[in-house]
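> Hey, can you work out the whole structure from these sequences and the hints?
From first to last, the protein sequence lines are chains B and P.
Going by our numbering, the first residue of the first sequence is number 1385, and it counts up by one from there.
Going by our numbering, the first residue of the second sequence is number 78, and it counts up by one from there.
Please keep in mind that the hints were generated in silico from the structure rather than gathered at the bench.
On a predicted model such as this, the values are computed, not experimentally measured, just so you know.
Just so you know, not all the hints are guaranteed correct.
Distance condition first, Cα-Cα at most 30 Å in a straight line; then the derived BS3-like pairs of lysine-lysine [to be verified]:
{"hint": "1", "chain 1": "P", "residue 1": "K141", "chain 2": "B", "residue 2": "K1936"}
{"hint": "2", "chain 1": "B", "residue 1": "K1616", "chain 2": "B", "residue 2": "K1643"}
{"hint": "3", "chain 1": "B", "residue 1": "K1643", "chain 2": "B", "residue 2": "K1485"}
{"hint": "4", "chain 1": "B", "residue 1": "K2001", "chain 2": "P", "residue 2": "K141"}
{"hint": "5", "chain 1": "B", "residue 1": "K1936", "chain 2": "B", "residue 2": "K1885"}
{"hint": "6", "chain 1": "B", "residue 1": "K1971", "chain 2": "P", "residue 2": "K120"}
{"hint": "7", "chain 1": "B", "residue 1": "K2006", "chain 2": "B", "residue 2": "K1943"}
{"hint": "8", "chain 1": "P", "residue 1": "K234", "chain 2": "B", "residue 2": "K1672"}
{"hint": "9", "chain 1": "B", "residue 1": "K1665", "chain 2": "P", "residue 2": "K234"}
{"hint": "10", "chain 1": "B", "residue 1": "K1515", "chain 2": "B", "residue 2": "K1597"}
{"hint": "11", "chain 1": "B", "residue 1": "K1665", "chain 2": "B", "residue 2": "K1643"}
{"hint": "12", "chain 1": "B", "residue 1": "K1936", "chain 2": "B", "residue 2": "K1859"}
{"hint": "13", "chain 1": "B", "residue 1": "K1485", "chain 2": "B", "residue 2": "K1672"}
{"hint": "14", "chain 1": "B", "residue 1": "K2000", "chain 2": "P", "residue 2": "K234"}
{"hint": "15", "chain 1": "B", "residue 1": "K2001", "chain 2": "B", "residue 2": "K1936"}
{"hint": "16", "chain 1": "P", "residue 1": "K120", "chain 2": "P", "residue 2": "K141"}
{"hint": "17", "chain 1": "B", "residue 1": "K1943", "chain 2": "B", "residue 2": "K1885"}
{"hint": "18", "chain 1": "B", "residue 1": "K1742", "chain 2": "B", "residue 2": "K2001"}
Residues per chain, in single letters:
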Amino acid sequence: MKHSHYDVVVIGGGHAGVEAAHAAARMGVRTALVTLTRDSIGVMSCNPAIGGLGKGHLVREIDAMDGVMGRVADRSGIQFRLLNRRKGPAVQGPRTQADRKLYKAAMLAETEEREGLDIVEGEVVDLRINKDRIDGVVLSDGAEITAPNVILTTGTFLRGLIHIGDERIPAGRMGDRPSVRLAERLDDLGLALGRLKTGTPPRLDGKTIDWGKLDRQAADPDPTLFSFLHDKPFARQISCGITHTNCRTHEIIRANLAKSAMHRGQIEGVGPRYCPSIEDKITRFADKDSHQVFIEPEGLDSDIVYPNGISTSLPAIVQETYVRSMAGLENATILQAGYAIEYDYVDPRCLTRELQLKDLAGLFLAGQINGTTGYEEAAAQGLVAGLAAAHRALERERINFDRTTSYIGVMVDDLVTRGVTEPYRMFTSRAEFRLALRSDNADQRLTPFGRERGCVGDARWRSYAKKAAELSQLKTCLETTSVSSRVLAEAGVNVNVDGPKRTLFDALSISGTEFSQIASFLPEVNQYVDGRIVRQAEIDALYHHYVARQRKDVELLHKDEALRLPGDIDYVSLSGLSGELAAKLEKARPETIGQAGRIEGMTPAALSLLVAVIRKKEARDKAS
Amino acid sequence: MDTIFAQATAAGKAGISVIRVSGPDALSSGLAFGVRLDPIDRKVSRLLDGDGALIDIAFLLSFKAGHSFTGEPVVEFHTHGSQVIVSRVLNRLSEAGFRPAEPGEFTRRALETGQLDLSQVEGLADLIDAETEEQRRQAVRVFDGALGGLVEEWRSKLVRAAALLEATIDFADEDVPENVFPEVQNLLVSVHGELESEAEGADVRERVRDGFEVAIVGAPNTGKSTLLNRLAGRDAAITSEHAGTTRDVIEVRMDLKGLPVTILDTAGLRDAKDDVERIGIDMGRKRASAADLRIYLLESIDEPVSPLSPDDIIVLSKADRHVDLSMPAVSGHTGLGMDDLVGRVATMLSDRVRSTGTATRARHAAALRDGVSWIGGVLERLSANDIDNVDILAEDVRAAIRALDMLVGRVDVETLLDEIFTSFCIGK
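This is how it looks when you write it as structure tokens:
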């Protein structure tokens, strides 16, 4: 029987798994990535796109930590678009259509090249558990890998069940077997499991689409990439098509609702409200007689097309009829029917903020298994778990992503504190310090942190350090040069002519001011810096006052985060807590008062009660 | 959580005294006196000491959790109102392992269990401290939850506005409701107006809590002190009397037609020769100009006078010595014109409190104004159609919501609580 040893073993080669494996390997610990086949590394099971609102932030943060998703997406991006272009830089999200093949190839190459990372092909069927800690995994061929840290990223494979009409196919995704034995093993661990569902639209044959009839959406003329290391796309940029559902489409769907798996009541899992199936859209927004459908090519030389906006679980024959009711799709053939998939997830409230199980040391969970949806959310969790597992292997102190400095921190804290009631997707509105957590400054927020923790390589660090130095030089110069309001007003800055003298940085922070208006007041050497540095200074200045104002809230949050709750509180017997709150606290077992405060329905009253518990314990500890 | 106890009624001889026990083990407090109580119970019982001796025959009441003032299980001992009985009962409770309550702890628990919100706690404190009818009226409204109710309404409108803005941000690429800005603007305009008028009234309502100040001003020997003494001696009830911070400002606190008023007698205004007097005069001037209302006492009609505010009252003093009464006059000596003067002062002040707002503290006003200024900023940008930075608009609406949360104590609890509870005394 084969036997090998690693510091960290990652199960699953999806977005969470790859990012986790890379993160651990970058930290210099021996890492194995176990996947069914080498071919499934970097597969996009659903929409061939990366980024978007909130999601683009996550990718930038992963990149700032020297992760892989951003760079791979850049290499395969065929339609870069910056969303919310007109709504303030803080909420702008980079997004791209990705060429599936390019993405997979780039991801596999990155993974094969990564030093200290081995790819192991096989199916994990069991976990090796030694009392309250994990010490490895068992493969289906009987081989064993021992490791004190295991990261489980099984996506939708835990008891995955595909629905098309009344057809049901046990599968992790179309064409792949579900992981039933592993699911049974998790049952033994007594974890709280729930069931979620998600859906995917039918895939169309691009050769059968009448592209001339579709509206077009072009890529940005000045593409915004994900990685701080890149400034222009690698692949040719294309346009997407746009068509619309119409009254006839809606009629067909309505007439066949009874045949939809979701509407027949045979799916128990909860689906995301914000990514509804076409059946849901038509029943919930009955007054709308048309919905937009994006016709997205899956690659430069691929004929497969992804019609974004019509995910479904209707029978294949109905799918064909309603697809063909739309302009441009009259003769479209379906290559693969759309389907709904339901799967088990683990209640993330049983995890620490390092995504480690509270009750089983060394076992980490990341990705869809934690109730999230989306490649970016999965990859970001992979990063967290990979770093945490490596820290544990290296016996270093815990690595903590903070709500006040990253979307990653927001997501992890939300998950382990509040749990999920539907697949969790990142939104910018989830981040209370949104104006400080921008996609443009992800490197300023995280690259030094990552470098200090050891997961940022030399090349990245050199590039960042150069940018940081230039930026800081420009900002210092802006902050130390003052000009009278009259002169500023004459230059077109929106100030009162009789106002006081202002620094140029202050002038730049006034909404509407552009660097070009004030550049001439700077010493010559500072007038001609790199355009990217200028843009960064403009954005930093725009939000400067807001970020400064939020500093007080940040401090308050840190104060609450410093109040650590004892792990052994018996919430149920704490008098003064409502039964509902006690149950929620018992489930989440928050690590800090700050975290407790974010549990849904928490009252200031209950919080002060918890503070009292901490104080009492402190007094007791002091006395003894 | 400890079970706590304290005397709830005032110390001293009385018909009965009430001792309150609150906390998870409250019910067992009866056992310390040999009395078995049900969770909801009321009965007359013999209270026995540790050695079986009778302490008193008392009335015992028990409330179950969620149905008491504190929200916890509570037992009340209604004993005969002798301080000796009360101390025996308190000692016995202490021996039985219960803890004496800290100042304000019962109310604090009511807040912690969600029986009261922060503004209600403040209302309760004011209600207990109320000395005049207007103070009572105002406090009981706040205690009844009026402010919390308003905040809830404003808050839900702001949350709606914020949600609309967020929708345009997070769902830019999807089927977002067309143009959300008109609705956002409507919501904000209505909250803005209400916050503003509530904040305006808060100052005067704070005076109702703390008392109005009315200063008597005039040259030396115009009869200011006589007038003050007369006022103090009239049917207006004196509630306290103490010397001012300087030897030259005397304060008398009184109930003027339901309003709490402090009358200030200031040093006579003249060019003083010695330093001490000059300091006194300066002090008097400062106090007088900070007062809510001034009564200028003149010796003669020809005396020049420049009132600080149009509301200020000008009267001739020593009415008993004047014959010509072409202007209002008053005599502290004989009481002539006193009713008129008191009536004018009372009308002037009660006109100011006529609005029925509910914000009663500087803290409330500050939070309201904070909200007004955030919302005002957003409205300004909306009407200028400056909507490019929706992220910043949304942030300002969030800031307004946080300001309102401060009002009912939903955020920043610790600091606020400490400040509020230090002003409480035991048993409330």
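> All hints are to be evaluated individually against the structure, with a verdict given for each.
Hints, one by one, checked against the model:
1. P:K141 x B:K1936: violated (41 Å)
2. B:K1616 x B:K1643: Answer violated: K1616 of chain B to K1643 of chain B is near 47 Å, above 30 Å.
3. B:K1643 x B:K1485: violated (34 Å)
4. B:K2001 x P:K141: holds (28 Å)
5. B:K1936 x B:K1885: holds (27 Å)
6. B:K1971 x P:K120: violated (42 Å)
7. B:K2006 x B:K1943: holds (21 Å)
8. P:K234 x B:K1672: holds (26 Å)
9. B:K1665 x P:K234: Between K1665 of chain B and K234 of chain P the Cα gap is close to 27 Å, so the pair holds against 30 Å.
10. B:K1515 x B:K1597: Violated - the C-alpha atoms of K1597 of chain B and K1515 of chain B are around 64 Å apart, more than 30 Å.
11. B:K1665 x B:K1643: Since the Cα atoms of K1665 of chain B and K1643 of chain B sit roughly 16 Å apart, the hinted pair holds (cutoff 30 Å).
12. B:K1936 x B:K1859: holds (23 Å)
13. B:K1485 x B:K1672: violated (37 Å)
14. B:K2000 x P:K234: violated (40 Å)
15. B:K2001 x B:K1936: Given that 30 Å is the threshold and the Cα spacing comes to 28 Å, the pair holds.
16. P:K120 x P:K141: holds (15 Å)
17. B:K1943 x B:K1885: violated (37 Å)
18. B:K1742 x B:K2001: holds (22 Å)
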